[in-house]
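> Let chain A serve as the given structure and place chain B on it in line with the hints.
One-letter residues, chain by chain:
2 protein chains.
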Amino acid sequence: MTFTDIDRLSISTIRLLAADQVSKANSGHPGAPLGLAPAAHVIWSQMKMNPKNPDWIARDRFVLSNGHAVALLYSMLHLTGYPLSIEDLKHFRQLGSKTPGHPEFELPGVEVTTGPLGQGISNAVGMAIAQKQFAATYNKPGFNLSDSFIYTICGDGCLQEGISSEASSLAGHLQLGNLIVIYDDNRITIDGSTAISFDEDVAKRYEAYGWEVLHVENGNEDLDAIAKAIAHAKTTVNKPTMIKLTTTIGYGSLKAGDHSVHGSPLSKDDLRQIKTKFGFNPDKSFQVPQEVYDHYQATILKPGQEANAKWDALFKQYQQKFPELGAELKRRLAGELPEGWESKLPTYKPGESALATRKLSEIVFQHLNESVPEIIGGSADLTPSNLTRWKEAVDFQPDVTGFGSYAGRYIRYGIREHGMGAIMNGISAFGANYKPYGGAFFNFLGYAAGAIRVSALAGHPVIWVATHDSIGVGEDGPTHQPIESLAHFRAMPNTHVWRPADGNEVSAAYKVALTSKHTPSIVALTRQNLPQLEGSSIENAVKGGYVLQDVENPDIIIAATGSEVSLSVEAAKLLAAKGIKARIVSLPDFLNFDKQPEEYRLSVLPDGVPILSVEVLSTSGWGKYAHQHFGLNRFGESGPAPQVFKYFDFTPEGVATRAEKTVNFYKGKDLISPLRTAF
Amino acid sequence: MTFTDIDRLSISTIRLLAADQVSKANSGHPGAPLGLAPAAHVIWSQMKMNPKNPDWIARDRFVLSNGHAVALLYSMLHLTGYPLSIEDLKHFRQLGSKTPGHPEFELPGVEVTTGPLGQGISNAVGMAIAQKQFAATYNKPGFNLSDSFIYTICGDGCLQEGISSEASSLAGHLQLGNLIVIYDDNRITIDGSTAISFDEDVAKRYEAYGWEVLHVENGNEDLDAIAKAIAHAKTTVNKPTMIKLTTTIGYGSLKAGDHSVHGSPLSKDDLRQIKTKFGFNPDKSFQVPQEVYDHYQATILKPGQEANAKWDALFKQYQQKFPELGAELKRRLAGELPEGWESKLPTYKPGESALATRKLSEIVFQHLNESVPEIIGGSADLTPSNLTRWKEAVDFQPDVTGFGSYAGRYIRYGIREHGMGAIMNGISAFGANYKPYGGAFFNFLGYAAGAIRVSALAGHPVIWVATHDSIGVGEDGPTHQPIESLAHFRAMPNTHVWRPADGNEVSAAYKVALTSKHTPSIVALTRQNLPQLEGSSIENAVKGGYVLQDVENPDIIIAATGSEVSLSVEAAKLLAAKGIKARIVSLPDFLNFDKQPEEYRLSVLPDGVPILSVEVLSTSGWGKYAHQHFGLNRFGESGPAPQVFKYFDFTPEGVATRAEKTVNFYKGKDLISPLRTAF
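Going down the list, the protein sequences come from chains A and B.
Everything in the first sequence is counted per my numbering, starting at 1 for the first residue and increasing by one.
Everything in the second sequence is counted per my numbering, starting at 1 for the first residue and increasing by one.
There could be a bad hint or two in this list.
The list cannot tell twin chains apart, which means a pair is met if one copy fits it or any two copies do.
Here are the simulated lysine-lysine pairs, DSSO-like style, with alpha carbons at most 27 Å apart [unchecked claim]:
no. : residue 1 : residue 2
1   : K624      : K661
2   : K595      : K624
3   : K204      : K234
4   : K228      : K48
5   : K391      : K255
6   : K52       : K98
7   : K624      : K667
8   : K595      : K661
9   : K646      : K90
10  : K244      : K204
11  : K646      : K98
Derived by calculation from the structure, the hints in this document are not laboratory data.
Next up, chain A with everything else stripped away, as it sits in the complex (with noise of 0.2 Å):
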């Protein structure tokens, strides 16, 4: 690439957009786009994209990690043709608006949504993997279908945050030279330079976690040093590369080089001079000079359109030369599952073999894995523990290191958990209908909150393989025996939080999970082994909540999740000796039992009969559905499961005789549903 004048007139362009979308909200961070904006343009002039097709799988991408500068990133989607207008720029932080404080993963061109540090870079990893994954699968002689690179801007708040640091290293390993991060030295974080807490060695770091690195002196100016680096990146085929790019944080401002310029807009006066100080009218603002537009027009819309259909035709011929891949590429690409896959799901009978609901998600993926191809997932170091490996797995691993090759679908994910959940975030934001699932210890979801936010907010319909997700982990005790876990996800916006209770729950579970476009899931299983249960169905499970057992006229309602279903059950049965007439109800999945209808749910949790929740956890949360509570609101103990159980009174007599004192406790009381609302 060689550069000129229209080049830098566009730089200048990004620049002051950017610097106007921050004073016109009055609220922002011009710096860092003040900075970035020569980086931006190199990146954005030699990516293959199409503006008017913003998913086209073949498609380079470009992930903005350090999320406050999307002012950067909106700048350039108006620029080259995206559908952003010159109006939504001017509505940059408003209510309503297309252009939020931070990227968001609606707007067309914004690969992932960031903003919540570290993300952004351990999302782009993912892309690289499902890159990777996607052309070991689908590419063949003469059909190079996908040879794209992933580009990332991160700062060094991206690269302090220990997320990035996970999936850097596993990148490394996994020899992703697809993935291309431009690391903005700037030198400056909040609290002032990073000289006062972060001198490390990143360039070194990175070296040893087995990437190229490449440095840019200039990255305010020397637009011919960026483009030889990203030249040079994309010939290093078996190693991610970090560009560091040092640049002025504010660059052209009166406060270039401050802290100060971070995060807050312009002074009006520092707004005129660096207007005029880059040969623009100080008077006017959000001004693109028509040559720009025709630049990018030229530059990039165009060869884009045209790479995109020629990609178009290319596959149209693929699929006539390899007719069942190119079918199912399509119906991947269109977002569909295959025909009847759900009657691969597993089901079972009263009687069948008391089985550990981990093995029972085993047995789905041993079901699923060959018929549903875009499933790909791995464990956080558990494979023997969360049962995610389904025996015929191939590793996702680079073919040299001899242990599988970039086909396979199974990843070894290291003990990362964060890194992990930010992976399958990329993987599934990458396209192809991928679906991503990682395996952990439940309580070690906690590790991975940011991540998992992230993927409920932006949308991923990743899978969480939660096991060892009560007490009944037993002797590793209260270190790892999960408490708040279900309520902390419960309440997350927009989050499957399954608790099966038995098999055909657990594939319920999964039905629902690989089903959901919009929404992630987090399957908590456990460690012992729950019996099939009398009255269970994926059908009745996929409600999120079901009467299990009913009886006419019942005295209570106890409704349990996971491995207190059974207990109750256990339990009804000592109630009845006793004439207390107990329905029993299930509710794996809150988040689609308060999706049902009023008039099903009602059905299901009547008024006028008390409900009893049990559940081995915390009691947060189950006000919306029962009156009184039988749970765990303090830390667990070291001990063998059943003992552990015992102690906390989690056998049938106990939740018998809680039950009874529900029933007492309310005799003669007027009750109304818990899901009856005044508003």
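The following block gives chain B in isolation, referenced to the frame of chain A:
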């Protein structure tokens, strides 16, 4: 140190005691103890400690970061004279024993609770910070009150977790020469060889952090090399040291070097052969040769007791020579705050300036910093937003950096929330009544959830200054606006979750937080200004919940927290105009409210009156106090904060409307307080 047969016999004893514990429990992790016994022996043999006074402030610290290897630690504690008997070892992993499945802080000699990987090494960074701060504050020429080292053993798992990256990077910056980490390089994790997911160059990475890195090639047997490395590390004053110790997992076992020996007991035959191999009777268990006891008594217990006695004498002299500092330190070692410190807490009267509660929090630090020298805190790079730094604060920094001194009490944590959480736990665990606090946006406490859980479980009374506590964040949008955060941490046992409504409540939060001995506190604070309320006081608020404003025979009770309290007060005025009488209850901390006598709680939330909760986050968890809930069970929006509040109808009118609907809904119905429980 020179090593002889008695050292080798001691090491064999440690190995077999650990293997016996796991076999007797039929549960646990024999692999790491078998490989690490030599390192533990050599480290402990030169540590300064008094097993009869485990809290001696001048002791060296030992942290077992790979907590699953706890059988090793129990063996050491038993052999060196801590109060842990052979009987206790025989009850390893049994209910109610002193020897749970992972190390728990409560047991004398266990410096920190470990098991969740990466926490221990990060706690150790905190201890090293505390030791440096302690020494810089109290050491005087001729009075070397503290020169201790912090020893840590960790495995691959700890180093893969991002939290350790965060803490280690900071440790390098802070030049913590008192920190010595032994990295058990056994090349095995649960999934198999580290080669499948973790082949980065760990040594190079730690050098990049600014650490000294040494290598012991034969950690299984080469005691001299271990001792030499430790001796070298101790002379490295301006860098933390990592000793990469290459060992064989399960050394001595037939399964040595295989991942199957990581987490399962040795087979009976294997246990017999390993005992024979090490010269022990294969028919016996829990064997300790008397000469091993004698050896540890002579080399650890006795010298430790003598050193402790010498120190006691030195400290007596110190108190005479430096009466003020001496008295202060004596007080701190007794775990007492300075007399009358509470009188420095600011109080407010209605009508005084409206201020953001984050600002009111800053005022508390400004008022307390001088008289409470054990307060030590910082922010994860959000100082100007969290307002965590008092004006005169000196940064905790190595003198040579020119940014502060080791006597400083303000820590620049960098953008490392999880690391900060674990470091705070370590500072607290160091002793000397340190009161660590750390600032972050409330939403990003999710990044630190793993460490916060350990605070709660182990009982470290650390303080999170969690600002920007709702959609009041405004323009930064949903990535930065907490929704599930209150529900998450309120469901965590033993955790104060404060959401103060004005200045007096902020002071109350800090009063409880600073006096707390075994409970961490999260103080959720607003970005936006709030009025000083009629009816608030420190005395009321410390109870966690109280009647802020009352009326005779209320038609409704509105229970709110934080910014929604003043909103509810305004709503009550609108309701009064309609003839609806509302009591306003402020519930700034559920944990303390739940600890109040039932009579008091029922006086606040009595039978017979409908109760509406108002809080602009998830309603989950409010069922225990209110019948109806006005909250936000979805993600927020980017826009100016007042507009976002209005968008979600969180206005006086919006609250009043829902209150009225609640009153109408329950008209003519018998209502009992949600506090009433059946059992």
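> Between the shortest in-copy and the shortest cross-copy C-alpha distance, which are at most 27 Å for K595 and K661: within, between, both, or neither?
between (32 Å within a copy, 23 Å between copies)
> Checking K646 and K98: alpha-carbon separation at most 27 Å within a copy, between copies, both or neither?
between (55 Å within a copy, 19 Å between copies)
> Given a CA cutoff of 27 Å, do K52 and K98 count as a within-copy pair, a between-copy pair, both, or neither?
Within. Shortest intra-copy distance 17 Å satisfies the 27 Å Cα cut-off; inter-copy 66 Å does not.
> Evaluate K228 and K48 at a C-alpha cut-off of 27 Å and name the case that applies: within, between, both or neither.
Answer is within: at 17 Å inside a copy they meet the 27 Å cutoff, but 57 Å across does not.
> Measure nothing new, just compare the shortest in-copy and cross-copy C-alpha distances for K624 and K661 to 27 Å and report within, between, both or neither.
Intra 20 Å, inter 18 Å, cutoff 27 Å: intra and inter.
> At most 27 Å between alpha carbons: which applies to K646 and K90, within, between, both or neither?
between (63 Å within a copy, 22 Å between copies)
> When Cα atoms must be at most 27 Å apart, do K204 and K234 count as within-copy, between-copy, both, or neither?
both (20 Å within a copy, 25 Å between copies)
> For K624 vs K667, is the C-alpha pair at or below 27 Å within one copy, between two copies, both, or neither?
For K624 and K667, both the intra-copy (21 Å) and inter-copy (20 Å) Cα distances are at most 27 Å.
> With 27 Å as the alpha-carbon cut-off, assign the pair K244 and K204 to within, between, both or neither.
Answer is both: 11 Å inside a copy and 18 Å across each meet the 27 Å cutoff.
> Within, between, both or neither: how does the pair K391, K255 come out at a Cα-Cα threshold of 27 Å?
Cα proximity of K391 and K255: across copies only (24 Å, versus 60 Å in one copy).
> Evaluate K595 and K624 at a C-alpha cut-off of 27 Å and name the case that applies: within, between, both or neither.
both (14 Å within a copy, 23 Å between copies)
Going down the numbered hints, you'll see the structure goes against none, and every one checks out.
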